[in-house]
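Chemist: Here is how the chains run, residue by residue.
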Amino acid sequence: MSGSPAALSVRGLVVHYQGRAAVDGLDLDLPPGSVLALLGPNGAGKTTTVEVCEGLRSRDSGEVRVLGVDPAGAPDTLRARLGVMPQGGGAYPGVRVREMIGLVAACAADPLDPDWLVDTLGLIGCARTPYKRLSVGQQQRLALACAVVGRPELVFLDEPTASLDPQGRRLVWDLVRALRADGVAVLLTTHLMQEAETLADHIVIVDHGRVVAEGSPEDLTAAGADRELRFRATAGMDLELLAAALPEGCTVSEPSSGSYLVEGAIDPQVLSTVTSWCARQGVLADDLRVARRSLEDVFLELTGRELRS
Amino acid sequence: MRFEAGTFTPAPGRGPLGRMLATQVALETKLALRQGEQVLLTLIIPLALLVGLSLLEVVPLPEPRVDSALATVLALAVMSTAFTSQAISLGFDRRYGVLRRLAATAVPRSMIVLGRLGGMAAVVLVQLVVLGAVALALGWRPGPGSPGWALLLVVLGAAAFGAVGVLLGGTLRAELVLAVANIVWFVLLFAGGVLVPAAALPGPLAVVVQLLPSGALAEGLRTALLGGTPALGHIVVLIVWAVVAGGIATRTVRWS
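Going line by line, the protein sequences match chains A and B. 288 is the number that the UniProt record's numbering gives to position 288 of the first sequence; each next residue is one higher, with no gaps. 171 is the number that the UniProt record's numbering gives to position 171 of the second sequence; each next residue is one higher, with no gaps.
Just chain A, same shape as in the assembly (with noise of 0.2 Å):
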């Protein structure tokens, strides 16, 4: 073996489910100790991808290895290095919250201790509670104790956020960077914008079962968002003599009223253009700023409008 092996690597997966493509020739990186957050409307493929990836589920086509072994059949000594948040969770109806991680502890050759667990993550009030009584939310970060109970290398997050209320999440993202600092690699799952850009280190987008955009949060965010430049100024100014003395290809308009658009790919010289015209009129160029996009703009863009079902 040569070096330590890829985390997770994933080659024109192709998941059929139903009669359709669910995973479409999908590819996927994470290395060892890092995060990678696949972002998608639902229904895009992410949880069949990450259920492939765990063993759960099998393939159609493609090439997976998971901590340099395919996951295919499921050999129980990679599941030993993999820690599991299954969508929804997954526990005995009945089972109290902490016997259910005493009973995934016990899986574990040497687990973190349950108890402390059921503390940390807030557990301890319904410690005792029967799992079908808990709160989608209870529910959810028992499923997290027992996704690291084990000490895994690997840590699988399907949606973990989903149902947390505030408090929840900004436990969730610390235990993530906690457990990225530690040296174990996660790949979460999230339609949360938020969530994707505050912790991952790589942002995988994916629609119908497709990849359809990557790189880091700032790549993804940064691609395409010197295009447009805004200002307020006196309204219903002459135009004209700035379009001509802007570059090839930029164009302005007046939106609104009083609120001009510059469209095209703002650099330096076309910030100067517009500021040193606007010193020639004798007005103010208010309000100025070069659009940043969010990730949830080239979420929607990429990805559409349109509810899913």
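It is possible that some hints are incorrect.
As the list claims (entries may be wrong) - According to the in silico footprint, chain B covers these stretches of chain A (three or more CB under 8 Å from chain B):
#: 1; stretch: 84-93
#: 2; stretch: 97-104
#: 3; stretch: 178-192
#: 4; stretch: 259-270
Quick caveat, the hints were computed from the structure, so don't treat them as lab data. We treat Cβ as the ideally placed atom computed from N, Cα and C, and that holds for glycine.
Keeping the supplied structure of chain A fixed, place chain B upon it in accordance with the hints.
Modeler: Just chain B, lined up with the frame of chain A:
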């Protein structure tokens, strides 16, 4: 920072298989004995019937009544645990995703199945001890050789009912499992040779009943506990049900 550095430093590995199995069996047994409806089915109703059948002469039973009553309730107890209770808990465990949860740990899948069977066996053992003790108090005295046959029948009955229960609980929706498992339990109790011996049923039904796991188990147990040797046919019926249902189950049962 909420977590000290080094808290999650990876140290993966599988726990000792024996500990994993023991933990799962202990937990599944606890869960089965903690759930009201399940205890009603597996212990309360059999106990009430044991006492009732022994002391009241409502149903015609061969003498000594307590021996016949014990045979009847042992058959019922096995059916309740291995079939009804097992099917219902499997149906809801699938619904709540516990099988997938366990399948994603280091536990080998065969061990998960073994753990379930172990939990079921532990409940049957509790039933045998409780029902046996109450029967002793009611005047039952084990005859020479009969406990061995009875034990064999209980094991085969649990295998046959368990296989059918897993087949049911592992393939249908939880609510449907709940309904079907309870209805079948009720029908088999009254018309399946458990409460009413095959001989007391009308002609064709008496034959059919002995081909069912309920009839085969109850008739076999009645013979064994009254000092006889169970008919080979009853033993074969139980084995056939276990093998056929088990075979179909391994192909069709879904984990979630």
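Chemist: Taking 8 Å as the Cβ threshold, is the statement that the stretch 97-104 of chain A is covered by chain B upheld or broken by the three-residue rule?
Modeler: Since 4 is at least three, the answer is holds.
Chemist: Go check the stretch 84-93 of chain A versus chain B for me, would you? Three or more residues, Cβ under 8 Å, otherwise it fails.
Modeler: Answer holds; 8 residues pass the 8 Å Cβ test.
Chemist: Mind checking, does the stretch 259-270 of chain A have 3 or more residues with a CB under 8 Å from chain B?
Modeler: violated (count 0)
Chemist: For the stretch 178-192 of chain A, do at least 3 residues have a Cβ located nearer than 8 Å to some Cβ of chain B?
Modeler: holds (count 6)
Of the hints listed earlier, the one the structure fails to meet is number 4.
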